[in-house]
Amino acid sequence: MFACFHRDKKGASVVTYALVLPLFILLVFGILEIWKVITVRQSLYLGVYQAVRQLSSEGRTWRLGSPGQWEQDARVRASGIIDNELKRNTLIPQGYTLRVQVVIEPEARGSDLTQLGWFFTARAELMVPGLVTLPLLNFGTVTLVEQQVSYVEGLSGSWIPPVEDGPY
Amino acid sequence: MFERLRALSRDQRGAYDLIQFALILPIFVVILYGSFELMKLASIRQSLDAGTYQAARYLSVHHKFYYDHRYNRESVDDTLRAECLIRESLLANSFISTDTPMHIVIRYFNGAGQEIRSPVNFDCVRIKTHLDNPDTSNLVFTVRTQITLPWQASVLGLSLGNVTLTSAHTTFVDCGPWYPPPLPTPTPVPTPTPGAGG
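Residue numbers (numbering that gives the first Met the number 0), protein chains in the order written: chain P, 0 to 167; chain G, 0 to 197.
It should be emphasised that the hints constitute simulated quantities derived from the structure, not laboratory data.
Using N, Cα and C, we set each Cβ at its ideal position, and we do this for glycine too.
Fair warning: there could be bad hints in the mix.
Unchecked claim - Residues from chain G that face chain P, not an exhaustive set, calculated with beta carbons under 8 Å:
1. VAL60
2. LEU84
3. SER93
4. THR165
5. SER166
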């Protein structure tokens, strides 16, 4: 019974199989890891979008004097929104670092934020240690960056309720 | 010893594997680097989509009534600013640098699909008559963006000609929950705080 195996030259394909198997496993699990990175990237994109959307529609209501103060407040709010969105993704391991930066147009600086429609940029830098885990390969900390541009929406002045014969 | 080496040199069995490997390798390299290039392309496309969306949203609010002298906006070209928003969104992408020679074409269409100059000249004073009309297609506009940029592959710096990406976003003219809009508040005079400065 075993003698026939010993003589069998067709077993060479087993050797090829054994050589290819780790590569195949690496490919399959590598695809899974890439998919994980893509979902984290998508979560980050969505979080930054939601933050930008809120800063855009509500940014006018914060009468905070200087653009620097506006940027500070915007940064805190944006961090909260992005962090909330990232927590919804269960694939992100604990212990990540999120750095958010909000910068308003240079023309808006030096004056009070009375005129609206100013552009701003929200930039989020997410550092996730141990996001990609593959045997024998150490990827360390994966850093993802998302940056979006928007504007402070609305009119100057405070919101007034709809008028009686108005269209809305 | 030499007999063995001669036998090895006469051995043709490995040649098939080598040829097979040589045939597969370019395909493998193309798949590997091609997927990276596709990722880059998808990223730029997403930035273009985001920029088009932001520009359409900007234009849906900023119209003609803002050009009234009371709103202090005569000097602002909102079409230009919306286009700037698209450019800034693209530059926010790490795959595009400021010296990338990109060619951006931005076109505007109305609800009927005809090309218009720009939606900023929408007549907001007659918004009520527009809304009373069951056909609200005249409130709709589309921003179409097309970007052409030279594509350079990351491996070996291969030049792959130009690549063109398009994006569009359809939205409607939004006059806000108020009409007429409130006037801007005057710029407050900064009061010097006691003890601050020198």
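Each hint tested on the structure:
1. VAL60: 6 Å, holds
2. LEU84: 6 Å, holds
3. SER93: 6 Å, holds
4. THR165: Because about 20 Å separates G/THR165 from the closest Cβ in chain P, which is outside the 8 Å limit, the hint is violated.
5. SER166: 15 Å, violated
Hints 4, 5, counting from the list given before, are not met by this structure.
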